[in-house]
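A.B. asks: Using the hints provided, position chains B, C and D with the ligands relative to the given structure of chain A.
Protein chains in written order, with the UniProt record's numbering: chain A, 1 to 146; chain B, 1 to 146; chain C, 1 to 461; chain D, 1 to 461.
These aren't lab readings, by the way, just hints derived from the structure by calculation. Be a bit skeptical, because a hint or two may be false.
Said to hold, decoys possible - Within a straight-line C-alpha distance of at most 27 angstroms, the following computed BS3-like cross-link-like pairs (lysine-lysine) qualify:
{"hint": "1", "chain 1": "C", "residue 1": "188", "chain 2": "C", "residue 2": "224"}
{"hint": "2", "chain 1": "C", "residue 1": "224", "chain 2": "C", "residue 2": "359"}
{"hint": "3", "chain 1": "D", "residue 1": "188", "chain 2": "D", "residue 2": "224"}
{"hint": "4", "chain 1": "C", "residue 1": "71", "chain 2": "A", "residue 2": "105"}
{"hint": "5", "chain 1": "B", "residue 1": "105", "chain 2": "D", "residue 2": "71"}
{"hint": "6", "chain 1": "D", "residue 1": "359", "chain 2": "D", "residue 2": "224"}
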Amino acid sequence: MSADPGRLRTVILGVTASDAHAVANQLICRQLRSHGFRVINLGVCTPLEEFADAVDAEPTAEAVLIGSVNGHARTDLRDLPALRRQGRLQPPVILGGNLSVGAQKEEADHEHLLALGVDHIVTDVAELLPLLDTLYASQQLELRRG
Amino acid sequence: MSADPGRLRTVILGVTASDAHAVANQLICRQLRSHGFRVINLGVCTPLEEFADAVDAEPTAEAVLIGSVNGHARTDLRDLPALRRQGRLQPPVILGGNLSVGAQKEEADHEHLLALGVDHIVTDVAELLPLLDTLYASQQLELRRG
Amino acid sequence: MADWSALELSASVAEQLPDWSGAVAHLHDRPGPRTVDILRAADRAGVPAIQPRCGVGGHREMITLLQELEKSHPAVLSVTIDSYTRLRQFDTAASLLAEDAGRLNGYPLVAHGWRRGRELADAVSVPLEIRHGSPDGRELFATALAAGITSFEGGGIGYNLPYCKDVPLDESLRTWRQIDATCGALAKDGVIVDRELFGTLTAVLMPPSLCIAITLLEAIAAAKEGVRCISIAYPQGGEIYQDVAALRAIRTLAQRYVGSGVEVFPVLHQFMGVFPTDPAWASGLILHGSLTARLGGAAKVVNKTEHEAHGVPDAVTNGRGIRTTAVGVSQLFDFVQLSEERVEQELSWIEEEVRELIKPVLAEPDLLAGICAAFSTGRLDLPFSASVHAHSRVVPRRDAGGAIRYADPGLLSLSSATRRRHGQLLSTRATSAPDRPEADELSIAIQDIFYFANREPAHRP
Amino acid sequence: MADWSALELSASVAEQLPDWSGAVAHLHDRPGPRTVDILRAADRAGVPAIQPRCGVGGHREMITLLQELEKSHPAVLSVTIDSYTRLRQFDTAASLLAEDAGRLNGYPLVAHGWRRGRELADAVSVPLEIRHGSPDGRELFATALAAGITSFEGGGIGYNLPYCKDVPLDESLRTWRQIDATCGALAKDGVIVDRELFGTLTAVLMPPSLCIAITLLEAIAAAKEGVRCISIAYPQGGEIYQDVAALRAIRTLAQRYVGSGVEVFPVLHQFMGVFPTDPAWASGLILHGSLTARLGGAAKVVNKTEHEAHGVPDAVTNGRGIRTTAVGVSQLFDFVQLSEERVEQELSWIEEEVRELIKPVLAEPDLLAGICAAFSTGRLDLPFSASVHAHSRVVPRRDAGGAIRYADPGLLSLSSATRRRHGQLLSTRATSAPDRPEADELSIAIQDIFYFANREPAHRP
Ligand code: B12
Ligand code: B12
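Bound-form chain A, shown alone (with noise of 0.2 angstroms):
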């Protein structure tokens, strides 16, 4: 799916707050540009604040796409639902990587993070791309209705 002539999708990219892992952030970065993305990539260790931040920075961004392989994701995205009742954070947050300790993961891992109000964890960063379209079209869906 093409941008809307003349202004390029825009997301924003990071890392979580307590990690450091750079290779997928900056891979990930890499393919969204070559799909003619506009990525503000906010790179690791990034707390949900400077998230935020970028939002407000950037209002017609499409998505918040957050990775976090460390584990720590549910403990660095803690202030989510604070930040969501401030208004903040609106667009969908997309969460991918490797969500929590351990090499067994539970079924519960994800429950947590959705309730914090992550909106879409994506387990194959293959279903990125179509997941945004998807997104996208029912955004502009709702523009034109609205």
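C.D. replies: Frame of chain A; chains B, C and D with the ligands shown alone:
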């Protein structure tokens, strides 16, 4: 414990009917002989009937040592109750080896074998000589008493 | 042209079989590669085909097992037969199958019958081999053929002496000759049956020249009957130079003694002695065996598993054994190469010894009678014989480097030069109680048998 | 003589510590070998010491973990620290510890305090090392020392650029200088602290000369402060000739640039990039890394586990990683030797490149300032930098054989001869979409990053 002067302690040794594993059998045979035992070694693939025949031929044998590593112990020993009912195979039957099929062993494996009339299950071959000595001592005691 | 009757089958089995021409038609028509194709392709690629052992009692369980294992991409799958069927106690196999199939240590193919055999063959896309250990495997063979299976392990010596107590060699050689003759007839008809010869013998501390000499005699006998595809299996002893040389010797010696018109493939059986209990050591040994197979130019490697020391492996563990073997023969370990000089040395020794062992037998007018005579005089022999029909006087021993030598060659027809060499090779091996030779013999034997077992994690032996 | 004050600790941590002289007395008196003893012994034996990474949040769980792992006979055990503590978010670490310790990805040593640290050290008979990743590890270091732990990983570059987003290099170099100075003072006092330098950096596709150049600069800085025992860690890249050469280069270059009076030990970190998900492949790679460590003469090897691709390993899996490594460095694989010629070639390249990289820095009047300047101009750099304080312009790529080369050396101070060589070495690597260079760059990067991941069982890449 040394045998009566002039009389060698005798044991009957062999491997179960369906089992062709020879190495443990030959090692145990040599070990017992090097400890002064007279060993009637029936070798591999020995039906229970043959063990019974050997006891009939060697009524002073102090024990019948049966090895089974191919996992078929229970089926190979299924005629033990019948033979015992016929008054045969009277000396203690000592069983060792790998007693059931599969890498995970169950409590029940031993129970079934004991229920068939196996008198002792030796899980560590190092326990064999001490066990023979203990059995011998109590046999001697009974003989003297009786 | 042969038919079932050439196998002189027991009536109860014979009457169940499909008619011969239908069976042969099925052997021709069934889709998919045959084992012989797999072996040729492996040889071309220089990467051994991988095959697990596998067999459980129940039919559905067996299908599930094969399909589970197929996910790990073996090149060939096995139908490992239970001990009762091996020893032709088909009734016991059948009754235990009915009572509690899980207590069988393999798949009772005769009891299940050839129709179920076809279901096994059809359940997976790779060819199957019947692995058993029957001094007389004719009923199994007929059932396997009827099932459409064209790879069958065994031979008149290798499936007798290690596998039973008291079947005379002439009997087992006679029945295996019938099997080979049937394969010969099928080959003429365009159906190539791979016949794997069990050079592993009693598996524990087998001197390579003995394994090869015995299987070479079986191979010559099989070729005489018209067999066209022979796999000669050799058991990894654990000293890699010796093992690699042994695998290469199979090719050079087969070329010389079996002759053209017969394809002979060397096969490595990963370590066949007492396996380490620790999964990390077990896996290391499996990988070691895979390197051995690749370096020795084996066309096939039969893998072991981390459960080996404990019992028949489950599907997960067996699948892992297959994959660990795949890793071992993969490009990841391509950098591993051996000093060719040391291999050449072992190779020339093995070749010479095999010649010394088989020469007197080949000089006899009748090959099979010659084999029987050699075993009855002890000129051929093997250690730890299960059977009373071998002297079992050969005493093998590991040298200081772990290679398996003859500590006492017994009455084997080995030259005095060879005997001296083995004595010398063993002379640097320290003995623990030189004053009590007998106790020492036993303790050395135990040490050697448990060479890879119970290794300590961080221990350097 | 130094004391705690030299570390300029945050008050909340400082006030908890035991007095300096008591801590030093404990360092002197505690029984058992120090890491430096283990490294020396490993060097003498020619067999690398083995160390797992391990850290869980809870204290009792950590003791259990250490004791479980000790059963697999590692030579050194780790206390791997959680991410919050690494980033000095001690409060978050403490509150998560209280809330649900299992959700911490390491042991929060500062939150637990030095007394519990002593309990860890006393719980096992092998020495402990603190492994973390803190741009400023002073509180951790002080706590570790107080706990009696004499092995501490990290450095002003290697624990900054891969581990945080925005800590200026001069800051991290300053705090690590304080740590090194404290070690120097302790060394004078007879307490040798092993300081391991994290040459692994961002771990993924690290060109060897970059890893060694950066840790060598850290080592020179540490030696200036009086550090007497330095472990230089290098991350296995997966091409064994290059990796073995890199380990050997650590010795030759340290000899030349760090000088006498300082013991420098090469350490191999088993493959630090994206690990295979299949346990069979993972184990194969672990074993491959062990061979690399032994052949490269590493004094220590830090093992990975079959869980690497999935998450923090449990004790069973980690123990197995230790033992698989032990198997790999054992006599079982002694026969594996490399072509010395190829190693020599890689060695000379690495040595030359490291010289080119560090020469301009060493020419500066002030070493630490020189380092900062080099990174800010891009003369020193690294790929995939987590930190904004490196250009991250270097593009590494695997050549046709898998060795890691510079596809684009960016602004690195490499000679044109070196640049040309890397271009040539990469020229035989096929590209998939020569017409779309940008897409191709990305797909090559992904291919290289996932080089060992997702390998098919029977697949020959
Ligand atoms: C390289 C690496 C490092 C390097 C990172 C260098 C750097 N700065 O980038 C170093 C050595 C520094 C490192 C450090 C640590 N690491 Co690390 N590391 C790895 C390793 C080996 C590869 C990671 C990688 O680069 N992968 C390549 C990228 C492309 O893949 P990826 O990160 O897996 O991401 C994929 C998906 O997760 C997803 N994804 C990721 N982010 C996002 C974001 C979005 C929006 C979406 C949609 C998808 C998505 O898509 C990607 C492509 O498939 C993994 C193990 C492995 N996988 O083999 C461990 C691993 C991730 N590390 C781990 C840990 C714990 C750490 C440490 C905390 C140390 C420790 N306690 O052991 C520290 C980090 C400190 C900190 N503050 O965070 C754990 C996480 C454990 C868990 N979750 O249970 C792992 C799994 C190792 C392990 N088994 O213990 N690590
Ligand atoms: C060598 C070997 C063979 C050789 C045997 C050669 C020969 N004729 O001796 C060959 C290759 C021919 C072979 C064949 C088979 N084998 Co086998 N074999 C082994 C192997 C590798 C070593 C056995 C050995 O010699 N050990 C050395 C001796 C000294 O140790 P041991 O036998 O374990 O005995 C010890 C104890 O069990 C005990 N013990 C044994 N007997 C006795 C007797 C007494 C009285 C006492 C007190 C103690 C005792 O003390 C011994 C010393 O510690 C083991 C696996 C392993 N351990 O690594 C498999 C193994 C025993 N074999 C096995 C099987 C199943 C077979 C086959 C049935 C084929 C199949 N279906 O896979 C056939 C046998 C056919 C038949 N009719 O029985 C299984 C048994 C499985 C189970 N119980 O779940 C094993 C465990 C392999 C496996 N993991 O699948 N085998």
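A.B. asks: Please go over all the hints and tell whether each is borne out by the structure.
C.D. replies: Evaluated hints:
The suggested pairing of residue 188(C) with residue 224(C) holds, with an alpha-carbon distance near 13 angstroms, which does not exceed 27 angstroms. Of the supplied pair hints, the one linking residue 224(C) and residue 359(C) holds, its CA atoms being roughly 17 angstroms apart against a limit of 27 angstroms. The hinted pair formed by residue 188(D) and residue 224(D) meets the criterion: a straight-line CA distance of about 13 angstroms does not exceed 27 angstroms. Distance hint between residue 71(C) and residue 105(A) is fulfilled; the C-alpha atoms sit about 23 angstroms from each other, no more than 27 angstroms.
In summary, the hint linking residue 105(B) to residue 71(D) is supported, as the alpha carbons are separated by about 23 angstroms, within the 27 angstroms threshold. The suggested pairing of residue 359(D) with residue 224(D) holds, with an alpha-carbon distance near 17 angstroms, which does not exceed 27 angstroms.
In the structure shown, no violation is registered for any of the earlier numbered hints.
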